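First to last, the protein sequences are chains A and B.
Sequential numbering of the first sequence, starting at 1050, is according to our numbering.
Sequential numbering of the second sequence, starting at 2, is according to our numbering.
Mixed in with the good hints, there may be bad ones.
[What the hints assert, rightly or not] Think about it this way: if two alpha-carbon atoms lie no more than 27 Å apart in a straight line, the pair counts; the simulated BS3-like pairs of lysine-lysine are:
| id | chain 1 | residue 1 | chain 2 | residue 2 |
| --- | --- | --- | --- | --- |
| 1 | B | Lys220 | A | Lys1188 |
| 2 | A | Lys1106 | A | Lys1188 |
| 3 | A | Lys1376 | A | Lys1362 |
| 4 | A | Lys1188 | B | Lys171 |
| 5 | A | Lys1329 | A | Lys1075 |
| 6 | A | Lys1376 | A | Lys1339 |
| 7 | A | Lys1608 | A | Lys1578 |
| 8 | B | Lys131 | A | Lys1075 |
| 9 | A | Lys1578 | A | Lys1609 |
| 10 | B | Lys247 | B | Lys220 |
| 11 | B | Lys131 | A | Lys1188 |
[Unchecked claim] Restraint ranges, calculated between C-beta atoms of paired labels, are given here:
| id | chain 1 | residue 1 | chain 2 | residue 2 | range |
| --- | --- | --- | --- | --- | --- |
| 12 | A | Asp1561 | B | Asn146 | 14 to 22 Å |
| 13 | A | Pro1440 | B | Asn146 | 28 to 36 Å |
| 14 | B | Tyr249 | A | Lys1180 | 28 to 36 Å |
| 15 | A | Thr1342 | B | Tyr249 | 51 to 59 Å |
| 16 | B | Glu124 | A | Glu1213 | 56 to 64 Å |
| 17 | B | Gln123 | A | Asp1561 | 41 to 49 Å |
| 18 | B | Val184 | A | Met1050 | 55 to 63 Å |
| 19 | A | Lys1633 | B | Gly181 | 51 to 59 Å |
| 20 | B | Asn39 | A | Val1305 | 38 to 46 Å |
| 21 | B | Gly181 | A | Ala1143 | 29 to 37 Å |
| 22 | A | Val1305 | B | Val184 | 18 to 26 Å |
[Said to hold, decoys possible] In silico contact screen, one side only, chain B against chain A (beta carbon under 10 Å); selected entries:
| id | residue |
| --- | --- |
| 23 | Arg8 |
| 24 | Leu102 |
| 25 | Glu125 |
| 26 | Ile136 |
| 27 | Glu140 |
| 28 | Gln143 |
| 29 | Trp144 |
| 30 | Arg145 |
| 31 | Leu195 |
| 32 | Glu199 |
Source of the hints: derived by calculation from the structure; they are not laboratory data.
Keep in mind it's a predicted model, so treat the numbers as computed, not measured.
Cβ coordinates follow ideal geometry from the N, Cα and C atoms, glycine included.
Below, each chain spelled out in residue letters.
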Amino acid sequence: MREDTIPHMFLGKVKKYGDRVALREKDFGVWQEISWNEYCRHVRHFCLGMVEMGLSKDDHVSIFGENEPEWLYADLATQSVGAVAVGVYPTNPAQEAKYVIGHSESIFVVCDDQEQVDKVLEVRDELPLLKRIIVTDMKGLRRYTDPMIISFEAVEEIGRKVEEKDPDKYYRIVDELRPENVAIMVYTSGTTGPPKGAMLSHYNVMQFLPSQSQVLPQYDTDEIVSYLPLCHVAERMMSVFLPLYSGATVNFAESVDTVNRDMAEIFPTFFLAVPRIWEKMMAGIIIKMKDATWLKRKAYEFSLPIGEEISEKRLNGEPIPLSLRIKHGLCYLLLFRHLKKELGLLRARVALSGAAPIAPEVLQFFHSLGVGVVEGWGMTEETGIGTCNRPGDIKLGTVGKPIPGVQAKIAEDGEILLKCEHVFVGYWKDPEATARTVQDGWLYTGDVGELDDEGRLKITDRKKEIIITSGGKNIAPSEIENHLKCSPYINEAIVIGDGRKYLTALIQIEYDNVAKWAQERGLAYTTFKSLSQNPDVYEMIKSEVNKANRDFAQVETVKKFRLLEKELDHDDDELTATLKLRRKTVYKRFGDIIEEMYGKA
Amino acid sequence: MGILDIRHVSLSFGGVTALREVSFSVEPGDLYAIIGPNGAGKTSLLNCISGFYRPDRGEIMYEGTELTKLRPDRIAKMGIARTFQNVELFSNMNVIDNMLLGRHNFFSGGFLRNGFLGYLAQEETEHRRKVEEVIDFLEMEQWRNHLVANLPYGVQKRVELGRALAQEPKLLLLDEPMTGMNVEETEDIARFVLDVHEELGTPIIMIEHDMGVVMDISKRVCVLNFGERIAEGTPREVQGNPEVQKAYLGDEYEASMEKERDI
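Only chain A is shown next, with the shape it has when bound in the complex (with noise of 0.2 Å):
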């Protein structure tokens, strides 16, 4: 049987496993388990129901959702046929998504609800190629009458009709299918200019998925909360295309504000999440224990300590006295051994942060409470991670040696090249930014960074951030920035001083925490605006802020900074959808605080 591309993979897997649990979906405050069979049911039927219903070789059809099985089904349907699956993010506005969809040509839009149908409609006159609507939830669209939308369902129906008469279709349309033929396009965030699709063949995942896994192994033990957006490469490998080749169960959180309870009900045993994530979790236990009882405090200021001294040793590779062992044994069961299972990382084997640079302190943070956190790098154009620090061979700070296959080496200006096969075919419609992109087979990640003797990679920014000081010196503003998103009180940091004589910063405060923090010392307040103003909460920043400058060099440190009135959101054009900044309109956004800092009101 053939095995070079996703879907002969995915049979593959169902002829292994049958009436195994592939996946499980909280439905009714119970998990319900999908069977790799009954998985593979529901692919044929809809493959064959959007063929039948004009579905054909190098369309594309877009999935415009939260995750769920059926984006699952959706996604291994449309490749099947040869066709491109392209995720939109379920926070997108209306616009946005009509450029991902109007952009990538697709023929099909399958959403998840209504509320994701209802913008779509708001755009479809610009959408001349849009030709069906197909929604997974109808609740609420009963009484619409469009004949442009079809449910999920129906679409399946029309598919097991198809399939009573021939059952070996699919069989034979998935036989078409070429290793080089593309199977998605990742739209990347865009953090400058309209995002592009970078497209990935069957061929690139199918190189991708044995080398990743080589570094961080997945068996078919292994238990997965799919919650970041399917559209982003890391978690669509993570919860479609990894446990494909490995036979892990995918578990589906019942909706994205219960994912903190669905985690501990599941303990899943390999994790990834996002460093935004991380420092919430992080945030979320330092508050926690300032709240505590006085018992508590003391057995977390006890232990904490202790924790860091046995991690720092374990990463050093240092042997560890069995004074330690025995302190760390009981400190396990007195705290850590709860707070893993409160954080539902109890049985994590693998902890991965990747998408974005995180600061080494969060890292060290979760290593001392046992959970060894392995920080990946990668990017969309090459498939997902391109190196990665491997448990038990951790130095923070790097994001470690490069995965087996991918060569990496340094640009002169400082930009990292790599060089593997599971580099991406190229961007849709686009063949200047390709070119740009890979010139002689290596891929220009614009990340600068540099390669230590052990062949390690650390990342310094994105090209095109590094800030250049009017005194002519380079500084990476995301690594100060995740330094002071360290603070439990701070949620975004922007620091400015490219051609300034001096760094300043803006600074976003965690309301939650801030707003507790303003409670107990009885501050009124009423909005988050009202919050930021208060003169108080800005003394309390500034100490952070201090705090995090004794970490920096002097022309490093921030001298002056700022709180935002509001929010930065999506909806505002101030961060993508996976909540990284756009620079160009926060700075526009906030252009007069910006020069009031450098006192030129």
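For this one, chain A is given, so just place chain B on it according to the hints.
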């Protein structure tokens, strides 16, 4: 004849007349709004339907049964569920338990039989499933195990709606479901009311002050003023009715209208 017929209902407390000769009928599949200024008798009317008050005169016919002589629990058993203007939940119980209470009428065993552990476990599983369907419907997964007392007001109102839905009502009475909510919460509840109406097809009688919502979602509107019905019709008809405008905006409005006419 509709699913609910209110015929010449009058109610007074001492010398104060709360309702005077009010009549209307609710059709199957209706989303019927009752509006009117404070003290117009809206809640009194709802209380008459659900059996909390007994009208002095007139009759209320529900599927061929006269309700005015029945106790509230009998009326609830007939499939009429309601929510209250001020949230009436058990605040020290969690969301699930509050909603399970809505299933009370469907429990086959009495207090004692329920007391025997495991005796009715199978039945409880079914009820729990029904409650979970409501939780799914109202998107309340994240609050499932929270104590009601710790929830924001807007969510508490949603729990109350959930408890009413857990009764699998054939007629739903909502007393000011959007009061005290911010814009976003109001939009949420309005959408849920519409969903109940369209997905489950339950006829709804709703008292509401938020005119925007009433005009947007209701099919028919009845206007009460000082216990009397002064208008009935589609939202558009009612909006154009001069008597309604007077009741709502008072003499000031009339004066300004006259001024306009003078000009």
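Self-check item: Those earlier numbered hints the structure runs against, lowest number first
Solution: 2, 14, 16, 19, 23, 24, 25
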